[in-house]
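> Keeping their order, the protein sequence lines are chains A and B. Every number in the numbering used here is 1040 more than the matching position in the first sequence, counting from 1. Every number in the numbering used here is 54 more than the matching position in the second sequence, counting from 1.
Any given hint could turn out to be false.
[To be verified] List of simulated lysine-lysine pairs, BS3-like, C-alpha gap at most 30 Å: (1) Lys1308(A) with Lys185(B); (2) Lys1208(A) with Lys108(B); (3) Lys1300(A) with Lys185(B); (4) Lys1304(A) with Lys185(B); (5) Lys1308(A) with Lys108(B); (6) Lys1304(A) with Lys108(B); (7) Lys108(B) with Lys1300(A); (8) Lys1208(A) with Lys174(B); (9) Lys142(B) with Lys1208(A).
[As the list claims (entries may be wrong)] One side only, chain A facing chain B, incomplete, derived with CB under 8 Å: (10) Leu1070; (11) Ser1074; (12) Leu1116; (13) Ala1137; (14) Glu1196; (15) Asp1198; (16) Val1202; (17) Ser1203; (18) Ala1249; (19) Gly1250; (20) Phe1252; (21) Gly1283; (22) Gly1296; (23) Gly1298.
Think of the hints as simulated: they come from the structure by calculation, not from any bench. We put the CB at the ideal spot given by N, CA and C, even for glycine.
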Amino acid sequence: MFQYEFMQRAFLAAGLISLIAPVLGVYLVLRRQSLMSDTLSHVSMAGVALGSVLHLSPVLCGFLFAILGGIVIEQLRRTYRSYSEVPVAIIMTSGLALAMVLMSLKTSLNKSFNSYLFGSIVAVSETQLIVIAAVTVIGLLFFVLLRRPLYSLTFEEDTAAVSGVRVKLLSFAFAVVTGMIVAAAMPIVGVLLVSSMIVLPSAFALRFAGGFASASVLAVATGMIGVFSGLTASYYTNTPPGGIIALILLAILLMGIGVKRIVKLGAKRRIAKTGTHSSQKTHQTTQTNQTLQEGALK
Amino acid sequence: MILCSLRDIVFGYENEPVIRNVSADIHAGEFIAVSGPNGAAKTTLLKLMLGLLKPWSGTVQFTAELGRSRVSYVPQQAASFNSGFPSKVIELVRSGCFPELGLFRRFSREQHELVEETLKAVGLWELRNRKIGDLSGGQKQKACIARAIVQQPDLLVLDEPVTGMDAASRIHFYEWMQQLVKQEGRTVIMVTHGLDEAQAYLDRVIYLEGKEESDVSI
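The following block holds chain B by itself, in its conformation from the complex (with noise of 0.2 Å):
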């Protein structure tokens, strides 16, 4: 089942387009990366297809399934956008669990236990009563990825995941992010430059090259 569909999107800064007839189709139930050198539009690729910038021509379509609170999004050093954030790693991550609670919903103990198995495999739950802003970037960054998933989603995108991690949490991430897509069914996007290291675990490679935009399977 196709989830997303970009056809001949064209985007640009100012007067000068960065993305030209870009057209990709995301399969539910892959992993896949988005990768190209800097300056390739990838976390621009990321905000067209999430609806975060309106593309001067062509189309971006969701399957009609896939309800807004099923996508969930880690932007590029998501953590250091707000580090002075007063939250508890805990009540940041349990925020993930908000668009399905909606305005007035209580926590069920489901939604309880799936933050504390969150935060346990990210490796936080000992961190869990600390504030957010006294975290490592790369712990920060881990928040916000269990935030995400504790939302979760059919549609996961991520924005240099890993950036800040060390190696042996790069490869526990790919591999759980594998783990969600083969038992879970999920579908992860990230954008990575690292594509030596996850190219093992992944379906899929969406490369930009500067403008252009070509599908590698993997």
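Looking at chain A on its own, in the form it has when it is part of the complex (with noise of 0.2 Å):
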């Protein structure tokens, strides 16, 4: 599989990215912004179909516009303070009509457009990959350069403001590296299925992680497992490597939630056994002081 070149420019491409996806998804799912992946990468395909409509660089306009598009998301979120998933839905369906409009202006596009929707390891180009090379580096200095401002952002922001963290400053920031991984991440994945690399990885995380660092790492080990196992499988039977590696991080996320049922049945079996042993020793206890009392009222 190696030998091709695009199957190593693939899992470069996978791997980068699974690097930084999962890390924006474990803040992502606190800030209570999980569709925000999806909604960019829906604009991002407007911005692709624009590219191609006027003959300028689909993957430059496909990215500049899910910048913009988590801009305007989170411009409207501070309109819409108390209804935090409008914003999403206003900027999706617009995303989405802006995208089908023009996509029937040049229908010679409709079959490019279909590796944009599910992602193909070919679509991968030398281009792309200096794109989600240098999106991965610029993620990564900002995750982990404000890492302490962005913890206390994602806890709490009126004590974060409080305290100095320039707030609107720092979520404008974190909404254009948003629309920046997003828009990076649709060749492999697709638009449709963005999100499953973004989300589902820290889904798992946060379900199992001791702490907010390790819910990072873990999302990350996550991701790379389920990308480099779906691209191998997309690759052996010729199918869309975003739909195989959303359904192994969904295996994954579900097994995970399964086993983790099962160990708090236990223990709930476990205590549950122990608390009526130790009840009817306290029965027992009890029903020997109330002998002892009987014996010496007589």
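Build the complex from these two chains, which are given one at a time in their own frames, with help from the hints.
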């Protein structure tokens, strides 16, 4: 499989994205913005379509649209403070509608849009690989260098603002980084499943990690397992990588939940058993005390 | 010394003013309660003071000596905002040191000791490795207060801090706040409905009677 250059590129690109996408996912889930990645991927597709129609670089246009979408969502989030899902719905609908209309203007592009929708190993070009590498470096620098203010921001925005975190600026920077990562991940998993690579590993990690830092590490490990095994399976079965990666990550999540349930159930039974035993003991002690009291009364 | 001065503050939501011409001075080294009936805009007043809301008119001025990192705030039922937060208790409380540490500085031995002392003071030292989401409401509230104290603020602003605490914890909390004010010279402002219980420890009460404010000294 690795004798093909496109497979080497695909694995390199997937490895890079799985380093950064799950970390972003941890923050998105905790900020109640899980659907943001899905929304931005739709917006990005509108950018790709516009780029094609105007004979500009579709990759660059998709990238810029995703960043712009992130900024607009953040602005709308401030307007609709009490309904945080409304901006996501507004932008997702707008992005998809725009993409549909633009795509209808250039029907010859429908085939290549398929690879954007579902992801394709061959879709990862040299240019995209460079873009993905740059995004990964920027993303890692962002999350590592700003981990302290990001932690405070994610826990509670008002306390973060009072303690000196520049909440608005950091939130907009976060939206820009989100847009960049989503646009970079699109060629691998496709528009429709981009959030699987961002949200599923973090959903798994947040159930099992003991602390904040370990949640990010576990999410990255889960993402890597899903992405590498998904790409391999996709190569041998000639199926879209996005679907396979999403299914593997979903299987990991479901297995994790199942194992945790079984462990919890076992622990509950043990406690219940010990509890019954000790309550029987208490009952016996009470009876003995009563007998002693009765004896004393007599 | 006046730490914070509010002058003729007017603020409202939509077109309805909820605060009209409120003025108040917060002096250094005071333990102040903000009280009043439901809907009297107590939380709104705190948020205006902290710059989280902008008044329609009027001014909020802090003394130049009070840097941003010297103010800490615990919102109403702070812990319930993000109950699935994957942090251990000690990790969350340590994050109170972030404003002082900035982006890169490492924790000092004194800061580790302060975190330990504070966790012991709120009775959470034994639970320090538990996840914050696994604690009860009252314990979460204590963890959030501990985080604010670890920041070593000159001004500590607490919105209904004793919600969810049992009676013994509430008394211990008031004593602790009084000690912070009297022995360490810090300033504490808290919103409370439990004036009867807290009165013995307070220096002053700012009572909001729906849109207006009366300053009560104890």
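> Hint by hint, note whether the structure agrees.
Hints, one by one, checked against the model:
1. Lys1308(A) with Lys185(B): holds (19 Å)
2. Lys1208(A) with Lys108(B): holds (15 Å)
3. Lys1300(A) with Lys185(B): Answer holds: Lys1300(A) to Lys185(B) is near 16 Å, not above 30 Å.
4. Lys1304(A) with Lys185(B): holds (16 Å)
5. Lys1308(A) with Lys108(B): violated (51 Å)
6. Lys1304(A) with Lys108(B): violated (48 Å)
7. Lys108(B) with Lys1300(A): violated (47 Å)
8. Lys1208(A) with Lys174(B): violated (35 Å)
9. Lys142(B) with Lys1208(A): holds (27 Å)
10. Leu1070: With a closest approach of 7 Å, the Leu1070(A) hint holds.
11. Ser1074: Since the shortest Cβ distance to chain B is 12 Å, the answer is violated.
12. Leu1116: violated (19 Å)
13. Ala1137: violated (32 Å)
14. Glu1196: holds (5 Å)
15. Asp1198: holds (5 Å)
16. Val1202: With a minimum Cβ separation of about 4 Å from chain B (threshold 8 Å), the hint on Val1202(A) holds.
17. Ser1203: holds (5 Å)
18. Ala1249: holds (5 Å)
19. Gly1250: With Cβ-Cβ at 7 Å, under 8 Å, it holds.
20. Phe1252: Holds - the Cβ of Phe1252(A) comes within 8 Å of chain B, reaching about 5 Å at its closest.
21. Gly1283: violated (29 Å)
22. Gly1296: violated (14 Å)
23. Gly1298: With a closest approach of 20 Å, the Gly1298(A) hint is violated.
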